[in-house]
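Fit chain B to the known structure of chain A by using the hints.
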Amino acid sequence: MRLADQASFGPTEALVASIKSQGISAWVSTQMGLKSARYTSGNGGEVHQYTGSGSFCDGKPTTCWRDWSSTEPLVWDFYRNAVTQPDQLRQRVAFALQQIVVVSNLEVTGTYGFRLYYNNLLDNAFGNYRQVLKKVALSPVMGDFLNSANNDKAAPNENFARELLQLFSIGTCELNTDGSLKGGACTATYSNEVVRSYAYAITGWTYPAGGATPWGCWPKGMNCTYYAGDMIPVASFHDSAERPLLSGVTVAAGTAAAPALESVLDSLMAHPNIGPFIGKQLIQHLVSSNPSAAYVQRVATAFNSGKYQAFGSGVKGDLAATVAAVLLDAEARGEAVARSAGKLREPAVMFAGVLRALHGNTDGDALSWWWGDSLRQHVFRPPSVFNYFPPDYPVPGTTLVGPEYGIHSANAALERLNYLTFLLDWDGAAPSASIPNALGTQIDLSAFTTDAADAAKLVDRLSLLALGQALPSAPRDKVITAVSWWTDKTDATNWKTKRVKAAAYLVFGSPNYQVMR
Amino acid sequence: MNTTVNDDTLLSSARRRWLLGSGATLASALGAGTVGNLLLNARPAYAADYKALVCIFLYGGNDGMNMIVPSDTARYNQYAGVRKALAIPQASLTPLTGVSYGLHPAMAALGTAWNDGHLAPVFNLGPLAQPLTKAQYRAATANSGVLPSSLFSHSDQQVLWETGSSDSLTRTGWGGRASEALATVNPVISVAGSARFGLSTTQTPLVLPGPGSTFGAQGLQATDTWAPLVARKQAIDALYAQAQDVALADAYTSAQRDAFAMSARLGALVKTRPGDADAVAAIDTAFASLTSAGKITTGLGNQLYQLAKLIAGNATVQGNRQLFFASMGGFDTHGNQVVTGSSTEGEHARLLKELGDALAAFYAALKALGLGGAVTTFTQSDFGRTFAPNSSTGTDHAWGNQHLVLGGAVKGGATYGSYPELVPGGVNDVGQESWELQGRWIPTTAVDQYAATLLGWFGASEGQLDSVLPNLKNFGTARKLAFL
Chain A
1 MRLADQASFG
11 PTEALVASIK
21 SQGISAWVST
31 QMGLKSARYT
41 SGNGGEVHQY
51 TGSGSFCDGK
61 PTTCWRDWSS
71 TEPLVWDFYR
81 NAVTQPDQLR
91 QRVAFALQQI
101 VVVSNLEVTG
111 TYGFRLYYNN
121 LLDNAFGNYR
131 QVLKKVALSP
141 VMGDFLNSAN
151 NDKAAPNENF
161 ARELLQLFSI
171 GTCELNTDGS
181 LKGGACTATY
191 SNEVVRSYAY
201 AITGWTYPAG
211 GATPWGCWPK
221 GMNCTYYAGD
231 MIPVASFHDS
241 AERPLLSGVT
251 VAAGTAAAPA
261 LESVLDSLMA
271 HPNIGPFIGK
281 QLIQHLVSSN
291 PSAAYVQRVA
301 TAFNSGKYQA
311 FGSGVKGDLA
321 ATVAAVLLDA
331 EARGEAVARS
341 AGKLREPAVM
351 FAGVLRALHG
361 NTDGDALSWW
371 WGDSLRQHVF
381 RPPSVFNYFP
391 PDYPVPGTTL
401 VGPEYGIHSA
411 NAALERLNYL
421 TFLLDWDGAA
431 PSASIPNALG
441 TQIDLSAFTT
451 DAADAAKLVD
461 RLSLLALGQA
471 LPSAPRDKVI
481 TAVSWWTDKT
491 DATNWKTKRV
501 KAAAYLVFGS
511 PNYQVMR
Chain B
1001 MNTTVNDDTL
1011 LSSARRRWLL
1021 GSGATLASAL
1031 GAGTVGNLLL
1041 NARPAYAADY
1051 KALVCIFLYG
1061 GNDGMNMIVP
1071 SDTARYNQYA
1081 GVRKALAIPQ
1091 ASLTPLTGVS
1101 YGLHPAMAAL
1111 GTAWNDGHLA
1121 PVFNLGPLAQ
1131 PLTKAQYRAA
1141 TANSGVLPSS
1151 LFSHSDQQVL
1161 WETGSSDSLT
1171 RTGWGGRASE
1181 ALATVNPVIS
1191 VAGSARFGLS
1201 TTQTPLVLPG
1211 PGSTFGAQGL
1221 QATDTWAPLV
1231 ARKQAIDALY
1241 AQAQDVALAD
1251 AYTSAQRDAF
1261 AMSARLGALV
1271 KTRPGDADAV
1281 AAIDTAFASL
1291 TSAGKITTGL
1301 GNQLYQLAKL
1311 IAGNATVQGN
1321 RQLFFASMGG
1331 FDTHGNQVVT
1341 GSSTEGEHAR
1351 LLKELGDALA
1361 AFYAALKALG
1371 LGGAVTTFTQ
1381 SDFGRTFAPN
1391 SSTGTDHAWG
1401 NQHLVLGGAV
1411 KGGATYGSYP
1421 ELVPGGVNDV
1431 GQESWELQGR
1441 WIPTTAVDQY
1451 AATLLGWFGA
1461 SEGQLDSVLP
1471 NLKNFGTARK
1481 LAFL
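Residue numbers (the numbering used here), protein chains in the order written: chain A, 1 to 517; chain B, 1001 to 1484.
Looking at chain A on its own, in the form it has when it is part of the complex (with noise of 0.2 angstroms):
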């Protein structure tokens, strides 16, 4: 159950069974075969592609931005595959990654594009994070929201390269291997002499060939705006100083574009910091928001070395021996949970988490404008390159941090518990004619009926589901009695249904499932 919760998007009780029939490691190297959730959803380039009079949208259903645009079509597929499809541990790592590596709808529209993006990152969760960083320093939609497209060596724009350095790699503040910083205290990784050097080295990149304007392409000699595809250099934009980096690399004088990207690609793979900053970020995504030193350690290691037991390549930066060395560590699978383990659970995944828990089934249109935008966590659309919540949020009256408390609040307390009761007493949301193959959000209770007429059974069997273990004795009590309440003779009908309403309510609700441990 407790390796269900961090390497799937939530316990149903086939997965759990299927794990104890596997074993642990086993079934991790199974999942990491496993490769069947895509995006598909959305429409194409064309959005790019348009030369007639007035906009792209004129004389289109109303649904054109929606479909062309923006990434409401990925969020179908995104819930759809975390609900039902098989490779869960792939989608929880590539939506790990999203969450290092982000771009956001917010600041950049084409569904096209951001589709091959997330397409990228479920295709290298298991591959190299070198790859990941290579794919999305050419990706266009990265291109164009940290200004990396079309970036000219005259004056060169610091985003992309400033937030490669902090955010996809390395980090502000040089660290040991366990994560711990340098001498106690914040020593910089790098100067902003070096986060020019960088931005000059990572100038003359333009999108790739394909689109077109009514107006032709601006500046001169660059590519229209277009996503199918990777960035591709242009000499004229790119500076050819020499230039020194992290790492001791240097670009030499006269490097082209491209070979002066894989010298970035050196300087951030064989810096000291990126084990701990990758690996403690996967830890926290997956398994608790404060590991302990050891824990880094053990996981930065294994992505340096590039192998955890039978798991990875030998070569540094192996996401299969990292997730490996995540997932398998004696901290996240010990039985003793420590006063400081734990993470909220995230809005996105405790969304999925129910629906699966519940032999549910999503289309995925109720969690974005409304649910997703309630719990402020509306995938694909985070606020800035900052993702939804900073890794060291501080957590009040305590000494440790919790990412996701950074988005959670009185009022998010409280639509937790409202989301259960949209799903439980107002049936969910039915299916709506605009979305394709809708299936509405709805979950379906038969399963759990047969033992409805003994309300602790009921209430056990949702417990080991949701939490691995029976509620404590005096809440369960309390739980036991509301469940009770309903009988043959409150509602002859439908009383077995009401009482798992009941149940999952308040298990679902409990602390001890929001929180995980």
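Hints listed in this document are in silico derivations from the structure and should not be mistaken for laboratory results. You may find that some hints are simply not true.
Claimed, not checked - Derived list of chain B stretches under chain A, where covered just means 3 residues or more per stretch with a C-beta under 8 angstroms from a C-beta of chain A:
hint: 1; segment: 1087-1100
hint: 2; segment: 1152-1162
hint: 3; segment: 1245-1255
hint: 4; segment: 1311-1323
hint: 5; segment: 1359-1372
hint: 6; segment: 1456-1464
C-beta: ideal position from N, C-alpha, C; glycine also.
Below, chain B without anything else, positioned relative to chain A:
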């Protein structure tokens, strides 16, 4: 934290802790006069001793160099010579009568507040550990403590502004610490998420949703008296009273218990929308130009409408001192800050119009309520932006920046602090070598001095300022500015 909740009093456990810990009496903490009813459009009785501070954080790093521009010929020409395609035309600036500056034309709505003498720009503000010259900046060594940490980084500089610190590992915000030090009845109230500004060692900000939203758990309200819902509420209360095995879950249950208590008290007030039966007419009138079909049309407008309601509804909100937090995002204008060929249009103009219009409506609402002098609104932002533009019609991360303070108590109609010398590589620029002449200003006034001015007006003693703003002592006698 992990004790059981044994009553359903209005006071949350955290608030009880404060009241006990601070030694304040219940009566004084609740504030004299807060129990009276608010008479619409008349100065409410509680206004005699009510003060609120409203922080508006402009996420991404607002380009203060285009928000307020020198209008005298000599400096305007310096400005336009460097800013080039980004320069705002001199004739289009919103004039600020009496000073040699103009506002971005998108902020014309603030002209009234300026003419009332209630708007003050503050120049070249930013995080500092101590007063800092260019020579000291360039000579500073790593970890010497002379420089604030991780300059030019969004996340770090946001933390420094919000925490009033020069160390980006600081956990608590200066709003949260002030709330704790002054034993305010409520924590910082935020209409823009759980920002660091409102964190203290024990409290998170109270985050409220926008007008029209339900702030409460469906089926668990006091009005839900149907037996199965009563049983559900009792079970929920038992679940959230249970001590947890991990500290993060104890923090979660504590927040949930506070949420139930707060939503019972504030739910109806939060939900009110423009035009509703219990809406305040003076507020609706002031926000009329931002209202359509019962909804506020801009994000910041919606937040400030909510705050105006909470200020007018202080009998329900309680307390005679309240810190509020609102925000806007999108200020990270690396590219397409202006439309090529028309520098008064584009992304930055759109942002500043939303800011200016919302501030003007908020100012008008409070003035109409007779609360203008009781509320001071101020901006914060990650950092200023490079004076020299980049090649994508945008600007990059810098440091010192221009800010605005607004309210009836503000000594407006004048400017404060010193505007940076408009010379790349000059005395205010961190840069000296040819590669670094983008104009990133070393602040000449610290966030600590800005915050001390605001908190001093709010009622903090000198000793409380020293405890809330630990670096303030490094600025000697120059602890406060004169804008309040």
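Here is what the structure says about each hint:
Figure legend: the segment 1087-1100 of chain B, annotated as covered by chain A; annotation inconsistent (0 residues with Cβ-Cβ distances under 8 angstroms, at least 3 required). Counting residues of the segment 1152-1162 of chain B whose CB lies closer than 8 angstroms to any CB of chain A gives 5, so the stated coverage by that chain holds, three being the minimum. Residue count for the segment 1245-1255 of chain B with a Cβ under 8 angstroms from a Cβ of chain A: 11. That meets the three needed, and the coverage hint holds. Closer than 8 angstroms: that is the beta-carbon criterion, and the segment 1311-1323 of chain B has 0 residues meeting it against chain A, so the requirement of 3 is violated.
Against chain A, the segment 1359-1372 of chain B contributes 0 residues with a C-beta closer than 8 angstroms to a partner C-beta. That does not satisfy the three-residue criterion, and the hint is violated. Counting residues of the segment 1456-1464 of chain B whose beta-carbon sits less than 8 angstroms from any beta-carbon of chain A gives 0, not enough to reach three: the coverage restraint is violated.
Hints 1, 4, 5, 6 from the earlier list are contradicted by this structure; the remaining hints agree with it.
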